[in-house]
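Protein chains in written order, with the working numbering: chain A, 1 to 369; chain B, 1001 to 1369.
FYI, nobody ran anything at the bench for these hints, they're computed from the structure.
Just so you know, these numbers come straight off a predicted model, no measurement behind them.
Incorrect hints may appear among the rest.
[Unchecked claim] So the derived list for chain A, only partly shown, Cβ under 8 Å to chain B, looks like this:
1. Leu-6
2. Pro-69
3. Asn-134
[What the hints assert, rightly or not] No farther apart than 16 Å at their CA atoms in a straight line, the calculated lysine to aspartate or glutamate pairs in the EDC-like style are these:
4. A:Lys-56 <-> A:Glu-295
5. B:Lys-1316 <-> A:Asp-30
6. A:Lys-56 <-> A:Glu-262
7. A:Lys-316 <-> B:Asp-1030
8. A:Lys-112 <-> A:Asp-80
9. A:Lys-248 <-> A:Glu-150
Virtual Cβ for every residue (Gly too), placed ideally from N, Cα, C.
There are 2 protein chains.
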Amino acid sequence: MSVGLLPEGLRDRLPPHADALARLVWRALDVAQAWGYERVSPPLAEFEDTLVGRLKSSRPQDLLRVIDPVSQRTLALRPDITAQVGRIAVTRMAHRARPLRLAYGGPVLKLKATQLRPEREMMQVGAEIVGTDNIAAAREIVSLALTALERAGVTGITLDITLPDLVDTLAAGPFPIEAGRIDRARALLDAKDAGGLAAAGFDRYLPLIDAAGPFPQALDRLRAIDAGGVLASRIAGIEAITTAVAGKAALTLDPTERHGFEYQSWFGFSLFAEGVSGEIGRGGSYTVLHPDGREEPALGFSLYPDPLIDAGLGGKPRQRIFVPLDADAGAVEGLRADGWATVAALDGDDDAAALGCTHRFERGAVVAV
Amino acid sequence: MSVGLLPEGLRDRLPPHADALARLVWRALDVAQAWGYERVSPPLAEFEDTLVGRLKSSRPQDLLRVIDPVSQRTLALRPDITAQVGRIAVTRMAHRARPLRLAYGGPVLKLKATQLRPEREMMQVGAEIVGTDNIAAAREIVSLALTALERAGVTGITLDITLPDLVDTLAAGPFPIEAGRIDRARALLDAKDAGGLAAAGFDRYLPLIDAAGPFPQALDRLRAIDAGGVLASRIAGIEAITTAVAGKAALTLDPTERHGFEYQSWFGFSLFAEGVSGEIGRGGSYTVLHPDGREEPALGFSLYPDPLIDAGLGGKPRQRIFVPLDADAGAVEGLRADGWATVAALDGDDDAAALGCTHRFERGAVVAV
Chain A
1 MSVGLLPEGL RDRLPPHADA LARLVWRALD VAQAWGYERV SPPLAEFEDT
51 LVGRLKSSRP QDLLRVIDPV SQRTLALRPD ITAQVGRIAV TRMAHRARPL
101 RLAYGGPVLK LKATQLRPER EMMQVGAEIV GTDNIAAARE IVSLALTALE
151 RAGVTGITLD ITLPDLVDTL AAGPFPIEAG RIDRARALLD AKDAGGLAAA
201 GFDRYLPLID AAGPFPQALD RLRAIDAGGV LASRIAGIEA ITTAVAGKAA
251 LTLDPTERHG FEYQSWFGFS LFAEGVSGEI GRGGSYTVLH PDGREEPALG
301 FSLYPDPLID AGLGGKPRQR IFVPLDADAG AVEGLRADGW ATVAALDGDD
351 DAAALGCTHR FERGAVVAV
Chain B
1001 MSVGLLPEGL RDRLPPHADA LARLVWRALD VAQAWGYERV SPPLAEFEDT
1051 LVGRLKSSRP QDLLRVIDPV SQRTLALRPD ITAQVGRIAV TRMAHRARPL
1101 RLAYGGPVLK LKATQLRPER EMMQVGAEIV GTDNIAAARE IVSLALTALE
1151 RAGVTGITLD ITLPDLVDTL AAGPFPIEAG RIDRARALLD AKDAGGLAAA
1201 GFDRYLPLID AAGPFPQALD RLRAIDAGGV LASRIAGIEA ITTAVAGKAA
1251 LTLDPTERHG FEYQSWFGFS LFAEGVSGEI GRGGSYTVLH PDGREEPALG
1301 FSLYPDPLID AGLGGKPRQR IFVPLDADAG AVEGLRADGW ATVAALDGDD
1351 DAAALGCTHR FERGAVVAV
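Make a model of the complete structure from these sequences and hints.
Okay, structure coming up:
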């Protein structure tokens, strides 16, 4: 019988994982709220064409489509919430003062899984600042991402910083490359191919390869590259950002990393956690498009906490205590206030141990099962 | 330009409503967790045929369908989570000791809106006991639903109790009706059509019409009907359930109400809140179907909190305080610990009042804006 069989990439989250995920999301968003970020909650599906127009890292062919007999149009399930938040910022919240701080959390759906992430439905949690993308904003976004993870019980975090438009900036300035060859230089830098860079005549870009790796050495090597004011202001920016989060994460620099940052401007970052393969989040500076064509600077991050839960992070559930049929309601409420999950007997046969209780409430006392 | 235009029945939740909804859901599920309910989180979509087989109150034609090129089958977006929780209880959690207590919360999607509820995407939050449907279980489920609403800041609740299989039970016992005429009797009772009941020869059912209304009068009238043991045990059950929730809700009885309770067995209830039109939740006893054909008793409730949020319930957001660029990080953390939402200046032009701040943090002091 096929009952219980789910489509590839869609799954049931069972105890204790479902609870751990909800707790992680709640705690992360509770931190965002305390930092002045107001929550928005866009719908799970939109008109396909509206959604596609705002998606940056997803392509139309990555979308799960929904047939909507009511509108007689094709809807798409959102593969990303950031684009929806951008839409809200420039439409229904366009009149609100800037910087506009928004937070969000909810499921997203992708057409296809990847080898690293076999799930097609995943949780996305994030925060965005719209209207400001200066260093203070970057510092706040990075600090918020790390604090949210910390409060959610995630440890062993690595923050990997990148400068998405660095090659473009150098190529247009101190280390000239004609426009048609910039992609080639970028690909060689992505591959950390020193020989290829030299052979192609991109010698001046070679020191950028060595400027990847753990702080502070990598930043020192970036500082040693003589490219005038371009690097100086960026280094000052990175220093200001990383100083604010000292002790909250291991820091690495990958100045020319472009993969997944194609739509970021001067600043980007990835988040990793010990024992979890692949990114757990990412962020950076970008622009949102207004209906009148104007572009507005923005800066934000998204976390994808499912792999953290699969790795056993996200906090522990309450300990369970079995409560007999005739227990005093006030005393049971007291146990809950003390942090217990109370499991009430519903008939005489209920078995404390089988119901996962480590303790039993007996004549007013907490007794180990 | 159509940017910002969403499909009918799908909407953006903006501040402060998105936050209020998330807070209400979190608090309700936090209460369930403290009562020993473990959270499960089924996927947003399943194979259409699997989902349809378990849906009780939704029909296949009520589903939004998704084209899935990966499985090459039609998926359906869930219109209800209870059916998915039932599936989990009899498959992946079939081996777990009973009573199995499960809780859930997440969005559901319907093909069509109704006049009363124009939204097609709505939040559903609930808890189910699988394996026991006795009075103790009913008392716990009703208490949990009311406590969850109370903790979530919802006031003015009415609990309306119904006995879904009462007419069947009376018809098969003390007040005989041949099987083919039971639906007719039920329809007349639903319409509270005393004349029709008398004309159709269902005179003995007439007193049930008067047994609808506020407690304790309605229950007294039900008690006055001489139908032998059938009513006595039900009245004792209702008394045990309602005694446990005295003071938490206004109580009404509608013993023959069937609408929406077609799949409930001996006990059903609806929840209403002052100032909110229509039900905000419902629950009762039912059965879940195992893969081997066995039916297992269950009892639970679902809340649909969106209308509560639209009515302004669900608690207030943190008050916002503007924090200057050079503020001490420890002091700012202290403000958050005191319950403030801190809104940091990101550059010199940021305007406290425009950013929704009622206060400003100035030289270590909280000052009204």
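Quick rundown of the hints versus the structure:
1. A distance limit of 8 Å between C-beta atoms decides the matter here; for Leu-6 (chain A) the minimum to chain B is near 6 Å, and the interface restraint holds.
2. Proximity of Pro-69 (chain A) to chain B holds as hinted, the smallest CB-CB distance being about 7 Å (cut-off 8 Å).
3. A hinted interface residue such as Asn-134 (chain A) counts as satisfied when its beta carbon comes closer than 8 Å to some beta carbon of chain B; here the least separation is about 6 Å, so the hint holds.
4. As the CA atoms of Lys-56 (chain A) and Glu-295 (chain A) are separated by approximately 14 Å, the hinted pair is consistent with the 16 Å bound.
5. Restraint check for Lys-1316 (chain B) and Asp-30 (chain A): the C-alpha separation of about 14 Å stays at or below 16 Å, so the hint holds.
6. For the hint pairing Lys-56 (chain A) with Glu-262 (chain A), the CA-to-CA distance comes to about 9 Å; that is within 16 Å, so the pair holds.
7. With a C-alpha separation of about 14 Å, the suggested pairing of Lys-316 (chain A) with Asp-1030 (chain B) holds against the 16 Å cut-off.
8. Only pairs whose Cα atoms come within 16 Å are accepted, and Lys-112 (chain A) paired with Asp-80 (chain A) is accepted, the gap being roughly 14 Å.
9. Between Lys-248 (chain A) and Glu-150 (chain A) the CA atoms are separated by roughly 8 Å; this keeps the pair inside 16 Å, and the hint holds.
When each numbered hint is compared with the structure, no violation occurs for any of them.
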